[in-house]
Amino acid sequence: MIRSELIQKIADDNPHLYQRDVERIVNTVFDEITGAMARGDRVELRGFGAFSVKKRDARVGRNPRTGETVNVEEKHVPFFKTGKLLRDRLNGKS
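For the sequence shown, this note's numbering begins at 7 and goes up steadily by one.
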């Protein structure tokens with residue numbers, strides 16, 4: 007599902023809301039999650055999962071095309087851990 011499909015689904019399920027309002031709500035939620043992660047905070051959505059940021063140390067990598075060694079800088083990457091309720095639903099235990 008992509009963002010526009012999510013917005014359309016929420017708008018269809020809530021006919022009392024205008025689509026532009028649903029779009030604004032969805033964008034605000036995503037912006038808040040992104041902003042919190044950019045500050046290094048953890049975002050937990052109970053039953054769904056938790057978003058966090060992990061630090062990857064600098065390392066020496068290898069260019070797969072040429073075989074040449076390349077220095078890879080330290081970086082921060084997003085990490086998602088599923089919640090128990092989501093895991094159980096995916097595995098048919100609910």
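A few of these clues could be false.
Straight-line alpha carbon distances no greater than 25 Å define the calculated DSS-like cross-link-like pairs of lysine-lysine that follow [to be verified]:
1. K99 - K60
2. K61 - K81
3. K61 - K87
4. K87 - K60
5. K87 - K99
6. K81 - K99
Pair ranges (Cβ atoms, derived) [unchecked claim]:
7. G46 - Y24: 32 to 40 Å
8. D18 - K87: 40 to 48 Å
9. M7 - E80: 28 to 36 Å
10. H22 - K87: 16 to 24 Å
11. K61 - Q14: 31 to 39 Å
12. T40 - K90: 42 to 50 Å
13. P21 - G98: 43 to 51 Å
14. T34 - T88: 20 to 28 Å
15. F36 - H82: 29 to 37 Å
16. V78 - A56: 20 to 28 Å
17. G46 - L92: 37 to 45 Å
18. H22 - G46: 20 to 28 Å
19. D63 - Q14: 15 to 23 Å
No wet-lab data here; the hints were simulated from the structure.
All C-beta atoms, glycine included, are put in the ideal place defined by N, C-alpha and C.
Inset, instruction - Report the numbers of all earlier hints that the structure fails to satisfy, in ascending order. - result: The structure conflicts with hints 1, 6, 8, 10, 12, 13, 15, 17, 18 and 19, although it agrees with all the remaining ones.
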